[in-house]
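Q: Please model the entire structure based on the sequences and the hints provided.
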Amino acid sequence: MQRHIAHRLLQLVPVLLSVSVLVFFMIHLVPGDPVQVMLQDYGSAEQAAALRHTLGFDRPLVVQYGVFVWHLLHGDLGRSIRTGRPVAAEIALRLPYTLRLTAASMVVAIVLGLTLGMLAAVQHRRFLDYAATVTALAGISLPSFWFGLVLILVFSYYLRWLPPAGADTVTSLILPAVTLGASAAALIARLSRSSLLEVLRQEFIRTARAKGLGEWWILYRHGLRNALIPVLSIVGLQFAGLLGGAVIVESVFGWPGLGRLAVDAIFNRDIPMVQGIVLTAAVIFVAVNLCVDLLYALVDPRIRYV
Amino acid sequence: MAASCGRAEGASPAGRSRSAPPQAQVGAPVAQNPSRAGTYAAAQEKNAGKSTMDWRGMTVARARLVCLLVLVLAVAAAAPGVGAPVRGGTLTLVLDSDPPSLDPHKTPAGDLSHYLIYNTLVTADKTTGDFVPELADSWSIADNGAVITFKLHPGVKFHDGTPFTSQAVRATIERLVNPATAAPGASWIGPIDRVETPDDLTARLIFKQPYAPIFSSLRIVFLAMLSPAAIAKLGANYGQAPVGAGPFKFRQWIPGDRIVLDRDADYAWAPKFFKNRGAPYVDGVVVRIVPDESTRVIAFERGDLDVLPAAPPSEAGRLVQSGKYQVFRTPVDGGLYLGLNVTKPIFSDVRVRQALGWAINRDEVVDYALEKLAVPMDSPLAPTIWGYAKGLKNAYHHDPDRARRLLAEAGWKPGADGTLQKDGRPLAFTVWTYPLETNVRVAVVLQTQLKAVGVRMNIEQIEPATLLARTAQGAQDAILISYGWPDADILYYFFHSSRMGSTNRVHFSNPDVDRLLEQGRVTVDPARRMEIYRQLQEMLLQQAPWIPLASLYTVTLAQPWVHDLYVDKYGDLLTNDVYLRK
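Sequence order for the protein chains is A and B.
The numbers in this note's numbering rise by one with no breaks, and the one at position 253 of the first sequence is 249.
Position in the second sequence counted from 1, then plus 272, gives you this note's numbering.
What the hints contain is simulated information worked out from the structure, not anything from laboratory work.
Note that CB positions come from ideal geometry on N, CA and C, so glycine has one too.
Please note: incorrect hints may appear among the correct ones.
Said to hold, decoys possible - Okay, the calculated beta carbon distance ranges per label pair:
#1 PRO226(A) x LYS505(B): 53 to 61 angstroms
#2 LEU95(A) x VAL532(B): 19 to 27 angstroms
#3 LEU149(A) x VAL404(B): 43 to 51 angstroms
#4 GLY507(B) x PRO226(A): 54 to 62 angstroms
A: Laid out in structure tokens, this is it:
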């Protein structure tokens, strides 16, 4: 197990290097000059040249990348061009908000998704099955920026139950978490339904019924546990989707997370910040998938890591 | 996109910066009348005492009358806008994005959070827009404008307790122009040579040559006064714990969520136009950061926000018509224009450029695309900008026949699909604009109007950083963007040939225009300077590198419980008289 974890962590090194190369050169391919954005073009040519020199943008790209990697190896992500603050400090401020939001939306997705999936599987080809399937389809189809605004309109404006924006209270988390978790819930519902239906047709389920076990016990102990493996893998993948989706949801709900920081950084061509955020997201993605892999062993004792 | 002290080409953000020029129409609240409010309160006290004294000798009828009067006065006192100011409460404002920094030397844009923390040497009068003292008590101009001597207000202290003296003026300006600071706003101080400090309360700004727009610059955030002690202590981290001499002290900034400010109890130097020249009535200000405009509007309608600066145009009309809120309409200090890249073959013929000027119906643009929250613009300068000249003889109005004649003279003939053609090429171009609802709506109206005279205009939406970079290189046919700045000197940036490759996006070069732009910068005498800009506007209209379209209003809304708020001619919130009574 430990060897497996160490191996996976080592794999992180080439992954991060590749991500850093891709991000660094891709953002330089996009038109737009951070100095121009910073000075809004009203500075003199000398002023722009001085700022470009201070920020190191007058050096060849390969040298700039080398400097970036050198600093990265020393744990330094550089300073934001836009705010002048250390990138790591800015990310450290915003990351907890995004993690809180993605974790909450993951809970929404799993609870809602599994419940709908189980209901649909148990009530196969009955009303509840169709209702759950249609709900799941709606969850996948609704764009989050629209769904979020509808939730704000209903729960903040008309019912006045929940705040439309901010991150100062626990209630502020509910609407963004539901918005962000909706599509993941829908996917989990569909997958758990089909997976559970598959398992429930197996011989051992028939045996369990023959033994006289209760239907809910069969469902929980024998059915769900076996059906969870494919669901778990999609949960890991969905986490990355949630990080991406947070970009939009955070803007709609004024949630001060990493997604909005990323949007601001991209629009302002804040290259060090964009790199820092993408690398952080990559680390989180790899770490979450590692955790999911390890969870397989817990759910299914047949899986062993050596 | 955040406006850089109003100069940025783009949309006005929520809580726009101090930037607008002296303007003809000021946003005025619809509710309260402070002077009457005071009278009512005083009358109530007086009458209350009298009624107790005379009660026994009164007839029943007189007693009833007095009761009625007391009741009326009590109701009047409870009504919004009536009564003495109330201390306490938190004023909640909103911005659409975080300021890049709260250090005025590290931000390309000033927003309301800066102006609550910092004060400048001069400010603008709340009604006339004239420059009036803020941290300076008076000033004198010598050497044809190359030397300006400020007498500073005594007894001013920064939030860290450092006294405000001429040393602070020098430290602030030296930090601004120091290349190591890399301040985005460094160029706006003009050709400054040095700052002399003959005594603690006298600061002398000495320029290498006269710089006529200096007072417009002196009131913006880049020239907000900084504490020398805090500069020495905080250095590049000044923005993390900003220290100013404004009415509110910095307490906390949760990026992406809110900026929290506390009232400075020692503040006693508010400009004379405030009724309250001391510390603000409210305990503090919370500036919420809400990027989505629909969410901002809902938060305001729920009452989570006390003030909604720069209401989105799509919602402003509905909110105003609801009659629930105080409304402040402020014309902005700039406007939307269609900029034609004169180096492109299609626009190298001045007759084609002029034809577009005649083909466009600005009234339709204002009525249909801008929901009447704008005024048509007949000059490259908006009517609110200093230097705007009325009655320009080269101004365009809607005359499609004249447009068609000019295009025919230029050799363009009707093609099969209705688009004019010349040498087998259609009269077609692509306009680049920001993906903003306002801009796109205007573009669609223009597209229809130009089609009517045989010109095909395609619309392409491009995000700001890309548009800035590619238009500086001259890659575009035309642009549809906006600008803002209170002084006519802004034309220097847009049309001087030395600005080619940056802000001269139309790649226009004309020696006569260059000469006038240079004269306008150094001519201090207002009448002579005005004449220079009048000639310049005529010349630019005749050459038509820009087709001016419309100057937009900013609509600021306030809740009924916000009393004595004022939005000045520059679109700034004046908060020192504000008190909250819910």
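Q: Next step is simple, just say for each hint if it's right about the structure.
A: Hints, verified against the model:
A hinted range of 53 to 61 angstroms holds for the C-beta pair PRO226(A) and LYS505(B), which are about 59 angstroms apart. Between LEU95(A) and VAL532(B) the beta carbons are some 24 angstroms apart, a value that agrees with the proposed interval 19 to 27 angstroms. At about 45 angstroms, the beta-carbon gap between LEU149(A) and VAL404(B) stays in the expected band of 43 to 51 angstroms. At roughly 55 angstroms, the beta-carbon separation of GLY507(B) and PRO226(A) lies within the given 54 to 62 angstroms, and the hint holds.
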